[in-house]
Each structure stands twice: as structure tokens, then as C-alpha cells.
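Participant: As they're listed, the protein sequences go chains G and B.
In case it helps, the working numbering puts the first sequence at residues 1 to 226.
In case it helps, the working numbering puts the second sequence at residues 1 to 251.
By construction, these hints were calculated from the structure, which means they are not laboratory data.
Computed from a predicted model, the values in this text were never measured in an experiment.
Be careful, since some hints might not be right.
Claimed, not checked - Heads up, simulated BS3-like pairs for lysine-lysine below, C-alpha to C-alpha not over 30 Å straight-line: (1) Lys138(B) <-> Lys52(G); (2) Lys49(G) <-> Lys138(B); (3) Lys128(B) <-> Lys59(G); (4) Lys49(G) <-> Lys116(B); (5) Lys128(B) <-> Lys52(G); (6) Lys138(B) <-> Lys53(G); (7) Lys121(B) <-> Lys49(G); (8) Lys53(G) <-> Lys128(B); (9) Lys121(B) <-> Lys52(G); (10) Lys121(B) <-> Lys53(G); (11) Lys117(B) <-> Lys53(G); (12) Lys53(G) <-> Lys116(B); (13) Lys138(B) <-> Lys156(B); (14) Lys52(G) <-> Lys116(B); (15) Lys49(G) <-> Lys117(B); (16) Lys52(G) <-> Lys117(B); (17) Lys128(B) <-> Lys49(G); (18) Lys66(G) <-> Lys125(G); (19) Lys55(B) <-> Lys49(G).
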Amino acid sequence: MMSNLFSVFDPSTNMFNTSMNWLSTMLGLLIIPTMMWMIPSRNNAAWNKTMKKMHEELKTLLGTKKINNGSTLMFTSLFSMILMNNTLGLFPYIFTSTSHLTLTLTMALPLWTSFMMFGWINNTKHMLTHLVPQGTPPILMPFMVCIETISNIIRPGTLAIRLTANMIAGHLLMTLLGENGSSMAYSMISILIITQIALLTLETAVAIIQSYVFAVLSTLYSSEIN
Amino acid sequence: MLSRFAFRSVQYSRPLMGVRCSQTVAASGERAVTASEERDEVRFPRPVRAEFPDKVRHGFIPEEWFQFFYKKTGVTGPYTFGVGLATYFISKEIYVLEHEFYNGISLFIMAVFAVKKFGPKVAAYLDKEVDEVANSWKHEREDEITSLGDTVVAEKKEQWRAEGQKDLFAAKRENVALQLEAAYRERLTIAFNEVKRRLDYQVERQNIDRRIAHKHMVTWVIQNVLKSISPQQEKESLAKCIVDLRGLAKA
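Model the full assembly from the supplied sequences, consistent with the hints where possible.
Facilitator: Now the structure itself:
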């Protein structure tokens, strides 16, 4: 049935040998409610509330520096894209694009690289001072610099892999459980369904939380360079 | 959920049940027919904001789909169609029951449970949010109307005040006219008095001239009479006078 455990994640929706899987990345755009009237509908109101909440959350993280004005826009839209991709991936037959490093690294690496380049070129002293956290005993300082540098460098990796790994883990478990459903006695199927419901609940939560975490961490990294 | 695929004619000729607000034409259902109608309101009616979502059966299938089947197949038509199609796909393995299917079952059960349990609460909360926005628009509109009404009343008052100014002008004009008249009359009396004085002077002069002439004439006459009295006449008159006196003394 499956040559490789991870082959369920391969892009397989083909149209003349081009894989159309990745179109699911843009599927979220169709789900976002649009406004026809000045008075919002229920969906609209829900989406507006979510966006406002995210904006307020990220605003407190960014602080009051003038250079950070408007940054919440990018991170809120990052949040909504990852949220849509994660939650839509839970539905059957919809490809989860965020479970692939190609997508998550594409999001994390340019973000981090641009932050670092801007920070190091424009605020070199500031960045250097932040390599040593406040309150370190002097004897530990050289090691702290080392550690902080390494932790800084692996940041894009952690951002990307955290998201990918969480998505893959959930989907893998669900897939494994589901594969056994076709060869199971009918009495066992109810247990299977109940387990799957539990897993799905967990996964919905994970999907939402992971998108939030990605957005918040990006915000924090951006606020550190000033 | 599938309402976006409902048939167009049904969607747009939906009866206006319980439409609350925001017709694009002014309130209370009266159509403002202007002389130059820019739009044929009968054949191209303006879209109206619906208060409630469209009717769905079983939570996600629009009612219009059932209506579509109703004429030909009656009430059980759509269900027979659905079940038959599903059976065909599954039995011919066009639709393979694999892991996604079982995931789908779990998701479906979860979704039904969540909608049934949390649906009304979430809907009420979201309705409250929507009402807030709708009320803010309504209040803004109403406040604007009241403020404009107040402005109209204030404007009318100002107009009434401005009209009162006209009376003021008339009164002032009259005042000035009166003053002019008084000054004129005063000058008239002065002129009269002066003229009278001059004329009185002339009259006095004439009187004096006549008096002096009269006096002169009397004096001249007396002188001439005295001159003309001869001494003889004088003696006779004197003797007569003495005789008269003696006569009177005896009496």
C-alpha cells in the first residue's frame, strides 16, 4: 500500500505531470470572508475579531518604537496563511503544504536573513551587546556569546522544522490509524474512530497554536534587532 | 457551506423575510422615485442585505438543491440520488476507502458535535458583534439627522432675527426724519423772528415819524393860533373869563 511511510506526503495531484498539490497553499484565500456590505456578516465579524486580536497581541510584543509601526501587518498575514494551511490540511484529501520544509523554510529563512542583515549592518553595536544577556556572571561571558550566536544561527531552522514536524507528526499518526481501518473488524472501527477523534482534536489545537507560535516568534525576532 | 453553489435565480429572487436594515433607498420601504430614474428598479432591483443565512438542510446542503429535484422526483429524490451515487462510487472502487475516509468520518463526527454544542453560543456572540457595528452606523445616521434638524431650526431663528432688523431700520429712519423736522422748525422760527424784528423796526420808525410830525403840527398850529390872537381879542377873552369866574364864585 505505501512504499514508504512518508510517501503519503508526496505531491500526487497530477495534471500532465505537473503536481497541482501546491495550489492548496492558496486555498485559504478563498476561505477568508469578503465584505459586500458595510455591516459585517457573522463570518466576517469572526474573521475581523481574530485579526484584531492578533494585531493587538503582536503590537504589545513589538513595543513602541516608531520603526516597528505597521509590522503587525506582515506577521498577522503570516499567521493567517499558516493557520489556513494547517487547519485545511486536517480535512481529508486536502494537501497540507506547511508539512513540507520547502514551504516553511521558504517562509522562515528569508525572514530571518533579512532581519539579521538589517540588524547587523545598521545596528552592529546593538546586536553585539545583545549576544550577552543581562545579568551573566563575567566568567561565563565568552561562552554566552558562543551559545547565543549558535542559537541565533539555528533560528530559521527551528522555525521551519517546528512547524513541519508538528504537522507531519499529527498527520502521520492519523494516516497510520486510518490505514488499519480497511483491514479491521467492524467492532474495532468504533474504537478507531474514537481514537481518531481525540487525535483530531489535538491536531486542530496544534494547528492553531503552531501558526500562532510561528507568527509570535517572527515578531520577537524582528523586535530584537532594534 | 454549499450555498455558494446555489442556483442564481433562486439566490436573487429570495423573498425579503425579516430584512432589518440598510436598503440602499431611504428607510421605511417607500421607494423614492425621482423624475430621472437612473436605474430600472423593477427588473433590476437593488440587492438587499439578508438578515439570516440561506436555508440549508442537514447543516450544509442548500435548500435550493432539494427544490431542483422536487418537481421531477418528489421529496425522496435527492436522497435517492445521493445514496445511489455513493453506492456506485464505493462498489466500483472509483472512490477507494482508504485512510482519508476514516479520517473524514472522525472529522465529520467532530464537526457535527461542535456545531450542535457550540453553534448557538458562537452565533449569538457574533450576532452581538454585528449588531454593534449596525447600531453604530444607525446611530451615526440618526445623530446626523437630529443635528441637521437643529441646524435648520437655528437657521430659521436667525432668519426671523434678521427680519426684525428691518423694523429697526424703519424706526431709525423715522427718528432721523423727526430730528430733521425739528431742526427745520427751529430754524423757521428763528428766521420768522428776525424778519419780524426788522419789520417792527420799520413800523416803529413810521410811528415815530408820524408822532413827531403830529407834534410839530400841533406846535405849529398852536404857535400860529397864538400868533393870530390879536391883543384886542386877548383883552376881551380875559374880561369874559373874569366875568365868568365872578359868576361861578357867586354860585
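Participant: None of the hints should be skipped; say for each whether it holds.
Facilitator: Going down the list of hints, with the structure as the test:
1. Lys138(B) <-> Lys52(G): holds (23 Å)
2. Lys49(G) <-> Lys138(B): Holds, at about 21 Å.
3. Lys128(B) <-> Lys59(G): Holds, because 26 Å separates the two Cα atoms, which is no more than 30 Å.
4. Lys49(G) <-> Lys116(B): holds (22 Å)
5. Lys128(B) <-> Lys52(G): Between Lys128(B) and Lys52(G) the Cα gap is close to 16 Å, so the pair holds against 30 Å.
6. Lys138(B) <-> Lys53(G): Given pair Lys138(B), Lys53(G) holds - Cα atoms ~25 Å apart, limit 30 Å.
7. Lys121(B) <-> Lys49(G): holds (16 Å)
8. Lys53(G) <-> Lys128(B): Holds - the C-alpha atoms of Lys128(B) and Lys53(G) are around 17 Å apart, at most 30 Å.
9. Lys121(B) <-> Lys52(G): Within the cut-off at roughly 21 Å; holds.
10. Lys121(B) <-> Lys53(G): It holds: about 20 Å lies between the C-alpha atoms, which stays within 30 Å.
11. Lys117(B) <-> Lys53(G): Given that 30 Å is the threshold and the Cα spacing comes to 24 Å, the pair holds.
12. Lys53(G) <-> Lys116(B): Distance of about 26 Å is within 30 Å: holds.
13. Lys138(B) <-> Lys156(B): holds (27 Å)
14. Lys52(G) <-> Lys116(B): holds (27 Å)
15. Lys49(G) <-> Lys117(B): Cα-Cα ~21 Å, so holds.
16. Lys52(G) <-> Lys117(B): With Cα atoms ~26 Å apart, Lys52(G) and Lys117(B) stay inside 30 Å; holds.
17. Lys128(B) <-> Lys49(G): Judged against 30 Å, a Cα distance of about 12 Å means the pair holds.
18. Lys66(G) <-> Lys125(G): holds (20 Å)
19. Lys55(B) <-> Lys49(G): holds (26 Å)
This entry satisfies every hint, going by the numbered hints stated previously.
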